[in-house]
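Protein chains: 2
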Amino acid sequence: MTKIVVDAMGSDNYPTPDVEGAVMAAREYGVEIILTGDASKIQPILDSTNGANLPVRVINAPEMLTMHDKGEDLVMKARHKEAQNSMAVGLDLVKNGEADAFVTAGNTGAAMVTSLFRLGRIRGVDRPALAGPFPTATGICSVVDIGANPDCKPENLLQFAIMGSVFAERVRGVKNPRVGLISNGEEAGKGSELVKDAYPLLANAKLNFIGNVEGKEIFNGHADVAVTDGFTGNVFLKSTEAVAKLLIEKIRESIRGGGPLAIVGGALIRPAMRKVRKLLDPSEEGAAPLLGVNGLVFIGHGRSDMLAMKNAVRVAKNAAEAKVLDAIKLAIEESLKK
Amino acid sequence: MTKIVVDAMGSDNYPTPDVEGAVMAAREYGVEIILTGDASKIQPILDSTNGANLPVRVINAPEMLTMHDKGEDLVMKARHKEAQNSMAVGLDLVKNGEADAFVTAGNTGAAMVTSLFRLGRIRGVDRPALAGPFPTATGICSVVDIGANPDCKPENLLQFAIMGSVFAERVRGVKNPRVGLISNGEEAGKGSELVKDAYPLLANAKLNFIGNVEGKEIFNGHADVAVTDGFTGNVFLKSTEAVAKLLIEKIRESIRGGGPLAIVGGALIRPAMRKVRKLLDPSEEGAAPLLGVNGLVFIGHGRSDMLAMKNAVRVAKNAAEAKVLDAIKLAIEESLKK
Numbered sequence: 001m002t003k004i005v006v007d008a009m010g011s012d013n014y015p016t017p018d019v020e021g022a023v024m025a026a027r028e029y030g031v032e033i034i035l036t037g038d039a040s041k042i043q044p045i046l047d048s049t050n051g052a053n054l055p056v057r058v059i060n061a062p063e064m065l066t067m068h069d070k071g072e073d074l075v076m077k078a079r080h081k082e083a084q085n086s087m088a089v090g091l092d093l094v095k096n097g098e099a100d101a102f103v104t105a106g107n108t109g110a111a112m113v114t115s116l117f118r119l120g121r122i123r124g125v126d127r128p129a130l131a132g133p134f135p136t137a138t139g140i141c142s143v144v145d146i147g148a149n150p151d152c153k154p155e156n157l158l159q160f161a162i163m164g165s166v167f168a169e170r171v172r173g174v175k176n177p178r179v180g181l182i183s184n185g186e187e188a189g190k191g192s193e194l195v196k197d198a199y200p201l202l203a204n205a206k207l208n209f210i211g212n213v214e215g216k217e218i219f220n221g222h223a224d225v226a227v228t229d230g231f232t233g234n235v236f237l238k239s240t241e242a243v244a245k246l247l248i249e250k251i252r253e254s255i256r257g258g259g260p261l262a263i264v265g266g267a268l269i270r271p272a273m274r275k276v277r278k279l280l281d282p283s284e285e286g287a288a289p290l291l292g293v294n295g296l297v298f299i300g301h302g303r304s305d306m307l308a309m310k311n312a313v314r315v316a317k318n319a320a321e322a323k324v325l326d327a328i329k330l331a332i333e334e335s336l337k338k
Numbered sequence: 339m340t341k342i343v344v345d346a347m348g349s350d351n352y353p354t355p356d357v358e359g360a361v362m363a364a365r366e367y368g369v370e371i372i373l374t375g376d377a378s379k380i381q382p383i384l385d386s387t388n389g390a391n392l393p394v395r396v397i398n399a400p401e402m403l404t405m406h407d408k409g410e411d412l413v414m415k416a417r418h419k420e421a422q423n424s425m426a427v428g429l430d431l432v433k434n435g436e437a438d439a440f441v442t443a444g445n446t447g448a449a450m451v452t453s454l455f456r457l458g459r460i461r462g463v464d465r466p467a468l469a470g471p472f473p474t475a476t477g478i479c480s481v482v483d484i485g486a487n488p489d490c491k492p493e494n495l496l497q498f499a500i501m502g503s504v505f506a507e508r509v510r511g512v513k514n515p516r517v518g519l520i521s522n523g524e525e526a527g528k529g530s531e532l533v534k535d536a537y538p539l540l541a542n543a544k545l546n547f548i549g550n551v552e553g554k555e556i557f558n559g560h561a562d563v564a565v566t567d568g569f570t571g572n573v574f575l576k577s578t579e580a581v582a583k584l585l586i587e588k589i590r591e592s593i594r595g596g597g598p599l600a601i602v603g604g605a606l607i608r609p610a611m612r613k614v615r616k617l618l619d620p621s622e623e624g625a626a627p628l629l630g631v632n633g634l635v636f637i638g639h640g641r642s643d644m645l646a647m648k649n650a651v652r653v654a655k656n657a658a659e660a661k662v663l664d665a666i667k668l669a670i671e672e673s674l675k676k
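If you're matching them up, the sequences are chains A and B in order. What the first sequence shows, in our numbering, is residues 1 to 338, in sequence order. What the second sequence shows, in our numbering, is residues 339 to 676, in sequence order.
Incorrect hints may appear among the rest.
[Said to hold, decoys possible] With a cut-off of at most 35 Å between alpha-carbon atoms, the simulated DSBU-like pairs for lysine-lysine come out as follows:
(1) B:667 / A:196
(2) A:275 / A:337
(3) B:419 / B:583
(4) A:216 / B:675
(5) A:216 / A:250
(6) B:554 / A:250
(7) A:275 / B:513
(8) B:554 / A:278
(9) A:153 / B:419
(10) B:408 / A:206
(11) B:616 / B:675
(12) A:70 / B:667
(13) B:419 / A:196
(14) B:613 / B:433
(15) A:278 / B:667
(16) A:250 / B:583
(17) B:513 / B:554
(18) A:245 / B:554
(19) B:675 / B:433
(20) A:196 / A:175
(21) B:613 / A:245
These aren't lab readings, by the way, just hints derived from the structure by calculation.
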């Protein structure tokens, strides 16, 4: 049975959504769950879930990393041999082969740094990257990187492309994934220096490279993977999230202020609107894989609720069972041979 | 009377929206309009607008710059002394003091390059930048730069900030505009190398600098100006546009597929939806000013319709009457003294 470690101290409302989502996943997907965190806080929630017959156990990790952990201090906590925080303890289980993947909704920076120190990098990968799943008109596009590396070299983008492509193929079942390079214009030759230098690397790699892409291609579903530096990817993530939120709010406001007929109309379309919000809700796709570390790590939004946590475990299970880590290692090895 | 030159050959459907929008502006805002372009194409449309008594005249410029003009070839056409394209002819009118501002919905790259060659730069500005007006929850935020400079230095961002702030204050009437620096995190210290180096420059300038901002702050209306390099700004523009479009489409689709009640509901909220689309439609704000060239230039979307053209002329008129060019020159001069 696939074993997934879930950081019980990750989400903003920890440990309730983290524990309840993990238990739901154990029930629905037939995975074994190991919860890491403060056992005295986890156990009462676990007891309330009627999950006694499920393969869920707790490994006590009394400390936790928070939004306040950064810089030198974070590095110390991340690398300390005897670290007792829920991330380090959970990641060590993956490192030692006692679990197949690690899922957390905690501080992204802390999760990345701790993953790097506990698991190390895949040989040939200079910088691990976060692959954010974006809902599109037709499916999902992984944007890599959405924030691990604010400054990148062309070679980093090539590695992101290879890893993102393997992930899309193995885990999402996309055949021959279409890989685009995010740029300020579709034509080849458009872009920052970084993009212009990365373009030939991607074009000459064993990838289904479709050239430069803009927001339109991504949201229309023309790319399965969109590669960019972590600064641009993070701005992409935050700005599209914010504009979608504003749009929904403005629609609500406009309906409320539109007189009785509009209000009736608003009530009638409520199920349709709910469907749209669900469709465009990144939490449906669970968490973002941290590609390039030597183990499977999934980092979810701090706002993750029970369902988002459950979905994150599902994606982690799929990734583990698809042996995506081995496939990424192989693809990176092959890219180094040329 | 303020004189605005309108490139009649700019928009995708030129010259109809360009000419009709300009005539509407002459009628509504009391501006004098000079249309540049192929007179044989412009005149019939002009004749059909019942604008005979309005201060609208045509200056024949038989050539035009298109999406195909780029690179060396574009530079030649942009700088040629006797250039007869509608942009060069129009910009020369501004340069020679025969008009107060130039408005075009043509090829952005061509408009920028031609502006640079015909008008030159403001002393102290290394790189002109496009300031894109984004509708927010409470008003407008100018994102500078949205595409003129894919690669920037920290000093460029400082200049963008100063120019954007003066524009917001003078033209949009914002007192003490709040200037943010787009980053992958709100905390100071977050960002790419460029952002980290630009931060202290902005913090020490005569600006109401509010620190780093993300999509959330921008769309919530917490910043009046958001500064970024042209690569990131362009990705911001294209991706938010694309996600908003997808969201609206998905809502429509979901309403149509939601059964008879949803369809009735959809009909009832149509006016409210129209209001939202108008609110979030950048064409309401007319065109983006090209800040840093020695003259007032406004570049609109190729898809601009008559109303977008009219609005662009309105903003150009406001900018000219607010003497924003002099104010920008002064602010840049002052920033150089330190």
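Evaluated hints:
no.: 1; hint: B:667 / A:196; in the structure: 34 Å, holds
no.: 2; hint: A:275 / A:337; in the structure: 47 Å, violated
no.: 3; hint: B:419 / B:583; in the structure: 42 Å, violated
no.: 4; hint: A:216 / B:675; in the structure: 44 Å, violated
no.: 5; hint: A:216 / A:250; in the structure: 22 Å, holds
no.: 6; hint: B:554 / A:250; in the structure: 15 Å, holds
no.: 7; hint: A:275 / B:513; in the structure: 42 Å, violated
no.: 8; hint: B:554 / A:278; in the structure: 20 Å, holds
no.: 9; hint: A:153 / B:419; in the structure: 41 Å, violated
no.: 10; hint: B:408 / A:206; in the structure: 31 Å, holds
no.: 11; hint: B:616 / B:675; in the structure: 43 Å, violated
no.: 12; hint: A:70 / B:667; in the structure: 42 Å, violated
no.: 13; hint: B:419 / A:196; in the structure: 32 Å, holds
no.: 14; hint: B:613 / B:433; in the structure: 39 Å, violated
no.: 15; hint: A:278 / B:667; in the structure: 50 Å, violated
no.: 16; hint: A:250 / B:583; in the structure: 14 Å, holds
no.: 17; hint: B:513 / B:554; in the structure: 22 Å, holds
no.: 18; hint: A:245 / B:554; in the structure: 9 Å, holds
no.: 19; hint: B:675 / B:433; in the structure: 27 Å, holds
no.: 20; hint: A:196 / A:175; in the structure: 27 Å, holds
no.: 21; hint: B:613 / A:245; in the structure: 17 Å, holds
The structure fails to meet hints 2, 3, 4, 7, 9, 11, 12, 14, 15 from the earlier list, while all remaining hints are met.
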